[in-house]
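Peer 1: Could you put together the complete structure from these sequences and hints?
Counting from 50, one number per residue, gives the positions in the sequence shown under the numbering used here.
Hints are not guaranteed to be accurate.
Claimed, not checked - Listed below are the simulated SDA-like cross-link pairs for lysine to any residue, each with C-alpha atoms no more than 25 Å apart in a straight line:
{"id": "1", "residue 1": "K241", "residue 2": "E321"}
{"id": "2", "residue 1": "K241", "residue 2": "T331"}
{"id": "3", "residue 1": "K267", "residue 2": "I291"}
{"id": "4", "residue 1": "K241", "residue 2": "R272"}
{"id": "5", "residue 1": "K267", "residue 2": "P218"}
{"id": "6", "residue 1": "K241", "residue 2": "D215"}
{"id": "7", "residue 1": "K241", "residue 2": "T306"}
{"id": "8", "residue 1": "K267", "residue 2": "G148"}
{"id": "9", "residue 1": "K241", "residue 2": "A266"}
{"id": "10", "residue 1": "K241", "residue 2": "N262"}
{"id": "11", "residue 1": "K267", "residue 2": "P255"}
{"id": "12", "residue 1": "K241", "residue 2": "A126"}
{"id": "13", "residue 1": "K267", "residue 2": "T331"}
{"id": "14", "residue 1": "K267", "residue 2": "P193"}
{"id": "15", "residue 1": "K241", "residue 2": "G221"}
{"id": "16", "residue 1": "K241", "residue 2": "G148"}
Keep in mind the hints are simulated off the structure, nothing from the lab.
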Amino acid sequence: MEGVTHADQLRLLAVHAHPDDESSKGAATMAKYVHEGVDVLVATCTGGERGSVLNPAMDRPDVLERLPEIRAQEMAAAREILGVGQEWLGFVDSGLPEGDPLPPLPEDCFALVPLEEAAAPLVALIRRFRPQVMTTYDERGGYPHPDHIKTHEISVHAFEAAADPDRYPDLGEPWQVSKLYYNMSFTLPRTKAIHEAMLAAGLDSPYAEMLQNWDPAKDISHRVTTRVPCGEYFGIRDRALIAHATQIDPTGRWFSTPMDMQQRVWPTEDFELARSTVDSTTPEDDLFAGIRSEVGVR
Numbered sequence: 050m051e052g053v054t055h056a057d058q059l060r061l062l063a064v065h066a067h068p069d070d071e072s073s074k075g076a077a078t079m080a081k082y083v084h085e086g087v088d089v090l091v092a093t094c095t096g097g098e099r100g101s102v103l104n105p106a107m108d109r110p111d112v113l114e115r116l117p118e119i120r121a122q123e124m125a126a127a128r129e130i131l132g133v134g135q136e137w138l139g140f141v142d143s144g145l146p147e148g149d150p151l152p153p154l155p156e157d158c159f160a161l162v163p164l165e166e167a168a169a170p171l172v173a174l175i176r177r178f179r180p181q182v183m184t185t186y187d188e189r190g191g192y193p194h195p196d197h198i199k200t201h202e203i204s205v206h207a208f209e210a211a212a213d214p215d216r217y218p219d220l221g222e223p224w225q226v227s228k229l230y231y232n233m234s235f236t237l238p239r240t241k242a243i244h245e246a247m248l249a250a251g252l253d254s255p256y257a258e259m260l261q262n263w264d265p266a267k268d269i270s271h272r273v274t275t276r277v278p279c280g281e282y283f284g285i286r287d288r289a290l291i292a293h294a295t296q297i298d299p300t301g302r303w304f305s306t307p308m309d310m311q312q313r314v315w316p317t318e319d320f321e322l323a324r325s326t327v328d329s330t331t332p333e334d335d336l337f338a339g340i341r342s343e344v345g346v347r
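Peer 2: The following block contains the structure:
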């Protein structure tokens, strides 16, 4: 990357709840930045131990018996495809509680770890990796899985704490992350645009039910500040997703939108700039806007 040496390389840290989340949220953006020479690292909070097998072809006793091991293998394959580094933060999947009333969460799970304790491995990682940019989930977790909400909480906490020499003094030299973004994967404009393009082409849309049940009162599409052009990396994203074979059915409806249509109709991945210590004007098309010119003097 022009003007950037190894010592002051641009670095991106993407914080995710489970293996496979990195491939479904912001994966093409990560692949783009890897191609441009950015050092990209994924922090995975849990091992996905309590996840379900969502691909019918993998719903077998031998898979269920070894699910934690298999999900780790899938993560290794996905990170290789994306070209990213990856570290486990070491927490245990909380599972997705279902029922009315909801059952209590397992005692050993990530969602129940006190915030100060849960954020500590991420603070240590930030201080060691020294990213200029972090991505994570919004305050609702993107969707209300307890691990996604906890991931948001520790990310915001660590963003602030990692820069403070009085907090976690034993976890390395303080480091100020310049920008924190929230993934905005399913916005109303994007979903409608792809839905309408599918119908116009005479195809069944996978988004019809989602749009029918969309609650305007809960819509946060207007919060998008940043659209990263990365359509040429959608194929890498899909390969990384399919590598998570226990979670992703390659014949499923989410792969029904033709690639050229996706690249034509909505060739970006979208984010909300939630925290920033640098001057950058929104809307943006680059997570490193306002940083590139300053990297050499940091």
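Peer 1: Indicate, hint by hint, whether the structure satisfies it.
Peer 2: Consistency of the hints with the structure:
1. Taking the CA atoms of K241 and E321, the gap is near 19 Å; set against the 25 Å cutoff, the hint holds.
2. Distance check on the hinted pair: K241 and T331 sit about 23 Å apart at the alpha-carbon level, within 25 Å; holds.
3. Straight-line distance between C-alpha atoms of K267 and I291 comes to about 30 Å, which puts the hinted pair past the 25 Å bound.
4. Our distance criterion of 25 Å between C-alpha atoms is met by K241 and R272, whose separation comes to about 17 Å.
5. This hinted pair does not check out: K267 and P218 have alpha carbons roughly 39 Å apart, beyond 25 Å.
6. Under the criterion of a C-alpha separation no larger than 25 Å, the hint pairing K241 with D215 is inconsistent with the structure, at around 47 Å.
7. Between the alpha carbons of K241 and T306 the distance comes to roughly 13 Å, so the proposed pair stays at or under 25 Å and holds.
8. At roughly 22 Å between alpha-carbon atoms, K267 and G148 fall within 25 Å of each other, so this suggested pair holds.
9. The straight-line distance between the Cα atoms of K241 and A266 is roughly 17 Å, inside the 25 Å bound, and the hint therefore holds.
10. For the hint pairing K241 with N262, the CA-to-CA distance comes to about 13 Å; that is within 25 Å, so the pair holds.
11. With a CA separation close to 21 Å, the supplied pair K267 and P255 stays within the 25 Å bound.
12. Of the pairs offered as hints, the one joining K241 and A126 is violated, with about 32 Å between alpha carbons and a cut-off of 25 Å exceeded.
13. In summary, the hint linking K267 to T331 is supported, as the alpha carbons are separated by about 23 Å, within the 25 Å threshold.
14. Restraint check for K267 and P193: satisfied, since their Cα atoms lie roughly 12 Å apart, inside the 25 Å limit.
15. The straight-line distance between the Cα atoms of K241 and G221 is roughly 46 Å, outside the 25 Å bound, and the hint therefore fails.
16. A hinted pair counts as satisfied when its Cα atoms are at most 25 Å apart, and K241 with G148 does not qualify at roughly 31 Å.
In the structure shown, a violation is registered for the earlier hints numbered 3, 5, 6, 12, 15, 16, in ascending order.
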